[in-house]
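Going down the list, the protein sequences come from chains A and B. If you count the first sequence from 1, position 164 lands on 164 in our numbering, and the numbers rise without skipping. If you count the second sequence from 1, position 96 lands on 96 in our numbering, and the numbers rise without skipping.
Since the hints were made in silico from the structure, they are not lab data. Hints may contain errors.
Restraint ranges, calculated between C-beta atoms of paired labels, are given here [as the list claims (entries may be wrong)]: (1) 637(A) x 82(B): 41 to 49 Å; (2) 677(A) x 82(B): 57 to 65 Å; (3) 677(A) x 83(B): 55 to 63 Å; (4) 18(B) x 656(A): 16 to 24 Å; (5) 658(A) x 55(B): 36 to 44 Å; (6) 99(B) x 618(A): 48 to 56 Å; (7) 24(B) x 673(A): 44 to 52 Å; (8) 661(A) x 83(B): 24 to 32 Å.
Only pairs whose alpha carbons sit at most 25 Å apart, straight line, appear in this in silico SDA-like list of lysine to any residue [to be verified]: (9) 646(A) x 25(B); (10) 646(A) x 94(B); (11) 646(A) x 95(B); (12) 646(A) x 24(B); (13) 646(A) x 97(B); (14) 646(A) x 45(B).
Sample of chain A residues facing chain B (criterion: CB under 10 Å; computed from the structure) [said to hold, decoys possible]: (15) 654; (16) 658; (17) 661; (18) 663.
Note that beta-carbon positions come from the ideal geometry of N, C-alpha and C, so glycine has one too.
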Amino acid sequence: MEGIFTYAPAIALLPLAAFVVALCFGNAMPKKGAIAGIFATAGSLGLSLLMLAAVASGEVHHETYYQWAAGETAGHSAAQGIEFTFGILIDPLSALMLVIVSLIALLVHVFSLGYMNAEGETGLPRYYAELGLFTFSMLAFVYADNLLMAFMFFELVGLCSYLLIGFWFRTESAPSAAKKAFLVTRFGDYFFLVGVVAIGATFGTLAFAGDNSFVAQAEAALDGGETLFGFDARTWITITGLLVLGGVIGKSAQFPLQTWLPDAMEGPTTVSALIHAATMVAAGVYLVARMFGYYALSPTALGIIAFVGGFTALFAASMAVVKDDIKQVLAYSTISQYGYMMLGLGVGGYVAGVFHLMNHAFFKALLFLGAGAVIILMHHEQNMWKMGGLKEKAPVTYYTFLAGALALAGIIPFSGFWSKDEVLYDALILGLENQLYLAAYAMGLIAVFFTGFYTFRMVVLTFHGEPRSEAAEDPHDIGWSVKAPLIVLGLLSLTAGIANLAPVGKLLDMDIMFLEMWLDGHYGGLEELTYGAYSDTLAHETGAIAGSEQTTLLVGAALSLGLALSGAGLAWTLYSGSDPAQHTQRLGSVRELLRSNYYQDEFQVWLAEGLTLPVARTADRFDQSVIDGVVDGVSSVSLFGSGWIKRIQTGIVTNYAALIVGGFVGLLVVLGVYGGWFV
Amino acid sequence: MSVGIEHYVLLSMALFCIGLFGVLTRRNALLFLMSVELMLNAANVNLIAFSFYHGNLTGQVFALFTMALAAAEVAVGLGIILVLYRNFRDVDVTVPSTMRW
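This is chain A alone, in the form it adopts within the complex:
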């Protein structure tokens, strides 16, 4: 398998080629560029699977392909000089993520045939070109071997999502949603950039792996008790880690930068699937997993990650409860689920976080594509109150959507249960020792109930009961290109949990936690980038209920499963029946608060208009009066002075001659006086 890594660059370059092809020749091609995209992503998927197999056989790939700048560094613990390169790092984590991203991208391309082409959309070459570029950026981001390259493709991912969210740019809402997504994530990325510069300047390298990675440098600085930029090493690592986290919070839509994501639903539903499952939003969490060794050095940063994650999980889940638009419910569930991943990573559950990232990619792509299928069925109606009764008319959509919903709600044995349970278990064992983590765990646990509720509210309203509109009575047909991706993802949502059946493995004492072994480098991997190495660095103290790991496991699983089932059951009893009532009305003012997203948008607009604008006005006034005043003063003094002095130019030649003579005589006299002629 040695030679297979030669083809590693092609994984990202194939979609880039598809981008060029779709952009230049899309109009002339059958299916307007979709074919190029499908072949490219299928090629990427094939190569990614080969990489996965190669990594499984014990190999890793870490190679620098191109160095585009090198120079000296100012940092004192730096090596000889800093190099800015493009390189590829394929280890268990990135190989796994490559497969996920290219698989989702392929399925989204196929689904687009039914969702975009069959619905007669215009601008399809642009659509497929942007999808190709999006896939390219994400794949390159995933196997970037240094932080700067990761940052560059992180930005490109943001740009592509901007383009795709604003795909229907002739409507009023899509361009504004695209701008919002771009600006809000850019706000986070600003901190990321500062963090990249800080890390580069401190450690003289930006590489993720290798003996001279910035993680290794940071560890050495920590061991040596060095002082970096006037802080002790751990404080400085925390500061830079949190700066990078700014980008993560923006991209992964964590509190308080989550407001862009629900608006991003203005894009085509296929794009939402890609953004939420595999690319844009996943990029943030993946970055934390990628540089987990760095965060492991800073318990403070990890604590903040855990707390923000737990809070976001609950916060977003509560908003999803009252939404009527099927895509809005899914949007808030995405924010909430990424909160779980952050919680998992924050409590040191590297495997749990990555596991949930993988499962979420499958079931959220499934749910969004399912929602896309529903929107086709419903002739582009998205309000769940106008749906109902689709169960009999579209069984494939129903059963696959149900599989996704069960996984999202975390019902055993669907994939979501296993990963969410592992996240919560990791949080619980830490929480028993530490109050902060316990609070984060509690929020995550309560969010499970809300998740079960809103998921089944969505399922019941969409598919059960009697049709509540003409469109629902006479649904549009859907083709194989819609059904096939749904079936693939439905099967994955059902079975992906097998990858890491941690509770079963621990209870029965069996070695079936494949993902944990995979990420721990049992099959192959870089030693410093394994779960075991991270855990050694972290050295968390964990507790257990009644002193037994099994009991803790069972109590945790029973709690989360019980809450998920009761949430789902509550939704079922409230909304089933032929004509469900709008029970959320009874929440009164709370409903208003939730529907307005806790007035987050209003708050951010106030921040811009009520706070930033006056400050900017004051600064402007200072600029206009003081700075410009000084400049204007200088010019008016010289204008006034020259108004007087110009009068010596009379226009009469005689006066000029007299001035010349007078000046010359004056000069002679001065020279004479100083030269001593008259002495």
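Add chain B to chain A, keeping to what the hints say.
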């Protein structure tokens, strides 16, 4: 030879001062031109006198240059005076003062 260098210098100075006086007091452009010629010739007298005094010919050569220059200057100056007259029906140098600020 009995005429000392100081006499030439005095002559030259007198010529120059007459020319300068003309430039500063007269308003007729033609007289301006003549005064300038006087000043140039004062310089020529000086050049030749010192050339003779030092016994080399450089000063004389330069005096020839100055004469050529003076001829050229007169040609240009007369041209200007003709245009002046055509525009103002006068050769008074104080009249055309509109080209200032």
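Against the structure, the hints:
1. 637(A) x 82(B): 41 to 49 Å: holds (45 Å)
2. 677(A) x 82(B): 57 to 65 Å: Violated - the Cβ-Cβ distance for residue 677(A) and residue 82(B), about 45 Å, lies outside 57 to 65 Å.
3. 677(A) x 83(B): 55 to 63 Å: Since residue 677(A) and residue 83(B) have Cβ atoms about 45 Å apart, the given range 55 to 63 Å is violated.
4. 18(B) x 656(A): 16 to 24 Å: Holds, since residue 18(B) and residue 656(A) (Cβ atoms, about 20 Å apart) stay within the stated range.
5. 658(A) x 55(B): 36 to 44 Å: holds (39 Å)
6. 99(B) x 618(A): 48 to 56 Å: This hint holds: roughly 50 Å between Cβ atoms.
7. 24(B) x 673(A): 44 to 52 Å: violated (25 Å)
8. 661(A) x 83(B): 24 to 32 Å: Taking Cβ atoms as reference, residue 661(A) and residue 83(B) lie about 26 Å apart, which means the hint holds.
9. 646(A) x 25(B): holds (23 Å)
10. 646(A) x 94(B): holds (18 Å)
11. 646(A) x 95(B): Distance ~19 Å between residue 646(A) and residue 95(B) Cα, so the pair holds.
12. 646(A) x 24(B): holds (21 Å)
13. 646(A) x 97(B): Measuring from Cα to Cα gives roughly 14 Å; hence the hint holds.
14. 646(A) x 45(B): violated (38 Å)
15. 654: holds (6 Å)
16. 658: holds (6 Å)
17. 661: Holds - the Cβ of residue 661(A) comes within 10 Å of chain B, reaching about 6 Å at its closest.
18. 663: violated (14 Å)
The earlier numbered hints that this structure contradicts are 2, 3, 7, 14, 18.
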